[in-house]
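Undergrad: The primary structure of each chain is shown beneath.
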Amino acid sequence: MIIASAGIRSMIGKRKFLGLLLLAWLPFLIEAIRFYFAANYPQAAMILGATRESYREFFNYQAFFVFLITIWVGSGLIANDKRANALQIYLSKPLTRAEYVAGKLSILIVFLLLVTWLPAMLLLVLHMLFQGNLDFIRANLLLFPAITLYSFLQVLLAAFTMLALSSLSNSSRFVAILYTGAIFFTDAVYGVLYAVTGNTSFSWISLSGNLRQVGNIIFRMKPVYPDTPWLLSLAVVVGMIVVSTVILDRRVRGVEVVS
Amino acid sequence: MAHENTGVSGGQQTERAQPQGAASLSTGVMRVFDLSLGQMLWSRRTVFMALVVAAPMALALLYRILHASFGDPEVNGQAVRGTTLFGMTIWLLYLRFIVPILGVFYGTSLIADEVDDKTITYLFVRPIPRRSVLLGKYLAYVVSTVCVVLPSVMVVYFLTTPFDLRIIAQSFPALAKDLGLLGAGLVVYGAVFAFVGTRLGHPLVLGLVFAFGWEQFALFVPGYLRRFTVMYYLQALVPHAMPQDSAMSVLQSVFREVPSALQCIGWLAAIWAVFLILAAVTIERREYVLEQ
Amino acid sequence: MTVTIATDARPIVQADHLSKWYGQVIGVNDITVAVPPGVTGLLGPNGAGKSTFMKLMTGQLKPSKGAICVLGEPVWRNPRIFGRVGLCPDQDAFYERMTGADWLAALVRLNGYDEKRAKDAAHRALETVDLLEAAGRKIGSYSKGMRQRVKLAQAIVHDPELLILDEPLAGMDPIGRRRTIRLIREWAREGRSILVSSHILHEIEAMTSSILLINNGRILAEGDVHQIRELIDEHPHTVYVKGEDPRRLARAFLAEDDVIGLKFEDQAVVVQTSRPDAFYARLTELAASAEAGAVSEVTSPDDNLQAVFQYLVK
Numbered sequence: 001m002i003i004a005s006a007g008i009r010s011m012i013g014k015r016k017f018l019g020l021l022l023l024a025w026l027p028f029l030i031e032a033i034r035f036y037f038a039a040n041y042p043q044a045a046m047i048l049g050a051t052r053e054s055y056r057e058f059f060n061y062q063a064f065f066v067f068l069i070t071i072w073v074g075s076g077l078i079a080n081d082k083r084a085n086a087l088q089i090y091l092s093k094p095l096t097r098a099e100y101v102a103g104k105l106s107i108l109i110v111f112l113l114l115v116t117w118l119p120a121m122l123l124l125v126l127h128m129l130f131q132g133n134l135d136f137i138r139a140n141l142l143l144f145p146a147i148t149l150y151s152f153l154q155v156l157l158a159a160f161t162m163l164a165l166s167s168l169s170n171s172s173r174f175v176a177i178l179y180t181g182a183i184f185f186t187d188a189v190y191g192v193l194y195a196v197t198g199n200t201s202f203s204w205i206s207l208s209g210n211l212r213q214v215g216n217i218i219f220r221m222k223p224v225y226p227d228t229p230w231l232l233s234l235a236v237v238v239g240m241i242v243v244s245t246v247i248l249d250r251r252v253r254g255v256e257v258v259s
Numbered sequence: 001m002a003h004e005n006t007g008v009s010g011g012q013q014t015e016r017a018q019p020q021g022a023a024s025l026s027t028g029v030m031r032v033f034d035l036s037l038g039q040m041l042w043s044r045r046t047v048f049m050a051l052v053v054a055a056p057m058a059l060a061l062l063y064r065i066l067h068a069s070f071g072d073p074e075v076n077g078q079a080v081r082g083t084t085l086f087g088m089t090i091w092l093l094y095l096r097f098i099v100p101i102l103g104v105f106y107g108t109s110l111i112a113d114e115v116d117d118k119t120i121t122y123l124f125v126r127p128i129p130r131r132s133v134l135l136g137k138y139l140a141y142v143v144s145t146v147c148v149v150l151p152s153v154m155v156v157y158f159l160t161t162p163f164d165l166r167i168i169a170q171s172f173p174a175l176a177k178d179l180g181l182l183g184a185g186l187v188v189y190g191a192v193f194a195f196v197g198t199r200l201g202h203p204l205v206l207g208l209v210f211a212f213g214w215e216q217f218a219l220f221v222p223g224y225l226r227r228f229t230v231m232y233y234l235q236a237l238v239p240h241a242m243p244q245d246s247a248m249s250v251l252q253s254v255f256r257e258v259p260s261a262l263q264c265i266g267w268l269a270a271i272w273a274v275f276l277i278l279a280a281v282t283i284e285r286r287e288y289v290l291e292q
Numbered sequence: 001m002t003v004t005i006a007t008d009a010r011p012i013v014q015a016d017h018l019s020k021w022y023g024q025v026i027g028v029n030d031i032t033v034a035v036p037p038g039v040t041g042l043l044g045p046n047g048a049g050k051s052t053f054m055k056l057m058t059g060q061l062k063p064s065k066g067a068i069c070v071l072g073e074p075v076w077r078n079p080r081i082f083g084r085v086g087l088c089p090d091q092d093a094f095y096e097r098m099t100g101a102d103w104l105a106a107l108v109r110l111n112g113y114d115e116k117r118a119k120d121a122a123h124r125a126l127e128t129v130d131l132l133e134a135a136g137r138k139i140g141s142y143s144k145g146m147r148q149r150v151k152l153a154q155a156i157v158h159d160p161e162l163l164i165l166d167e168p169l170a171g172m173d174p175i176g177r178r179r180t181i182r183l184i185r186e187w188a189r190e191g192r193s194i195l196v197s198s199h200i201l202h203e204i205e206a207m208t209s210s211i212l213l214i215n216n217g218r219i220l221a222e223g224d225v226h227q228i229r230e231l232i233d234e235h236p237h238t239v240y241v242k243g244e245d246p247r248r249l250a251r252a253f254l255a256e257d258d259v260i261g262l263k264f265e266d267q268a269v270v271v272q273t274s275r276p277d278a279f280y281a282r283l284t285e286l287a288a289s290a291e292a293g294a295v296s297e298v299t300s301p302d303d304n305l306q307a308v309f310q311y312l313v314k
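If you read the sequences in order, they're chains A, B and C. Number 100 in the working numbering belongs to position 100 of the first sequence; there are no gaps in the numbering. Number 6 in the working numbering belongs to position 6 of the second sequence; there are no gaps in the numbering. Number 145 in the working numbering belongs to position 145 of the third sequence; there are no gaps in the numbering.
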């Protein structure tokens, strides 16, 4: 709790970061305005009307902000402690490694949920308020669990991956680049294979592609990559979280043995 | 407590060599280049760079093995030709990812790393102009990245191109263009992000926003916005067909304008010169307050 | 209160109404000082402005107001000056993957040395700081004391005429400290001027009696520590006198009005006097005549940097 609250307070104290958080709510604002017009002007409803897909799309808009916030907040979470030799100090206190990792994860998770789950839920509530009835909600009850499940999956994947990478180095800049590579490079490699073969069966290579695939399934939409089983995509996402946990277990130690 | 007078008048004077004045810009640049090149090449960053350029080489090697064993591999009834693979690799891996990411990674950290590590003091208290520190490191970045990336492109080319002298002769000019434009990309992105690194806080985040946010968005939107990107001019020089790997790519290809090669080279040279000069001016005038 | 002792020599560092602030925080506040050649100690508590002042001297910071000249030349954006100045900064920062020898050679090449000359200079500098054995090892494997010594080596490798040393003894063991103090005195005898900062008073005293006392960004005193002490005449002088009969000594001391207070300690009497010259004259007579018993020890805990520092900084 202390690590989490201290980390959150220190990030909130940075004006530029607050600016980024505000910017991350811009898609929410645009969507809210769209829903308002759709609810109050029947002519606009045909073009601007909200559907289940709109909420799925919203997460696509937020993906870049999730990436930026993960980099900004997450790259130095453990790397900076390693650099300052603070890891040994933390773990010499009555604090277990699990508590330390949980505290660090919480910092990232809180900010990521702030730009994914919270605005999506608020959008749903606003939608209902603008419409003045529960018709849409009743017809799309699955949206509540879908938004929650997908946000948490997206956030957990980003947080665990970033934290694991952060534990591998004492340079936050290097960690940020490794994470960028994990996201964009895997996407680019899949892009080459798809462009050459016209086939989506290699989409499991792309980390963000797997998340997109699982996201569509959660929202009961058609898979993004028809040639890749969604279970494989889910296995890659879960596998990534597991591998990250193993890395954190190995790397977060009070004493580093240098051979 | 007794205190000895240790003033100049007290003791022996040793003969001291006349100190040199400030070194010229070019001498300073070359000396910093010597110091930085080894550091850049034999560092963890190079491991990252090697991994990143290894992926296209691995894909090309896999293709070569499949081609040698089974002829042109087919996926879903479609033959996977080596030249297509090479073209897509240039577009999607080298141009859209490797070149910008290396520019961001190295360019933003030329000075920022020295500031974070607090080693910049040692460079700034030598009789060399401050801008020679930046320019020397920039030169080391260009040499390191060009010496790793361009040979990997050639490896991918030779692995994906059939060993037929006629085909090689036909496609070699395109390879030369690819090497030129990728080299130009490294040089120009490096200059842009060198300025970002010397001038702005959080240069890495800003660099990523520019390379993977702004450039993607601006290229997608019809109009003049795309001219405020580096990628617009680089893409115009690519001799291979644009990929259609995603909706964004399809839309980009629909709205694509292709300025002349001369225009592109001119604008790239101008961007390079402006940002490098700005970076040099910034480092001369800026104070770098190190964290205590 | 600022106390200044005048000197004749051309100053190595000249600051004229020099100020530096970072937003709302004042690092250095309207300093006007001329530092003479020789060894000068820059003394002050943590956060006093010593490092800021040194950074202004070495062109790492630009003055917010006023001017500073080193060896007669302005510093900011004047790299030429660094051929004559060597800096040992306070931060523990190196290119950890380089060996000591390679690092020094690479840095001194920036001074215009060719490869051979750079290697020779690096070798000499490492020999001076007694690091030749570790020259081929990576700096990342050095102990704290070795890291401090290689930093010193970097400051002298190009044989500068002015050395600016920011907390050069930090992290050193007692033997290392003594060795370094001896080196500093040797360098001064060789004709170099040295400005050395510290908050450890007895170390500065071991190196020099010429000090600049700084606190809250201001120079409180500059000059010889003894002369400064004498000029602070509002502050009574303390003298510790140990003898066989402290009470008889006390009665003799209280006979005159130059003694304004005294207390007893183990076999000794500690006197507060407003006129130390007169008191010492009486004490000499008393000791010679043994009227108040034999006097075995006379010291002045006041006539040192600690007392000056504590008084002025309060």
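Treat the hints as calculated values from the structure; they're not laboratory data. Please note that the accuracy of each hint is not assured.
[Claimed, not checked] Straight-line distance between alpha carbons at most 27 Å, and here's what the computed DSS-like set of lysine-lysine pairs gives:
| hint | chain 1 | residue 1 | chain 2 | residue 2 |
| --- | --- | --- | --- | --- |
| 1 | B | K118 | A | K16 |
| 2 | C | K263 | B | K118 |
| 3 | C | K119 | C | K138 |
| 4 | A | K14 | B | K118 |
| 5 | C | K144 | B | K118 |
| 6 | C | K242 | C | K263 |
| 7 | C | K263 | A | K16 |
| 8 | C | K62 | B | K118 |
| 9 | C | K116 | C | K138 |
| 10 | A | K93 | C | K144 |
| 11 | C | K119 | C | K144 |
| 12 | B | K118 | C | K242 |
| 13 | C | K138 | B | K118 |
Here the structure is a predicted model, which means the values were calculated and not measured.
Undergrad: Does the structure break any of the earlier hints, and which numbers would those be?
TA: 2, 7, 12
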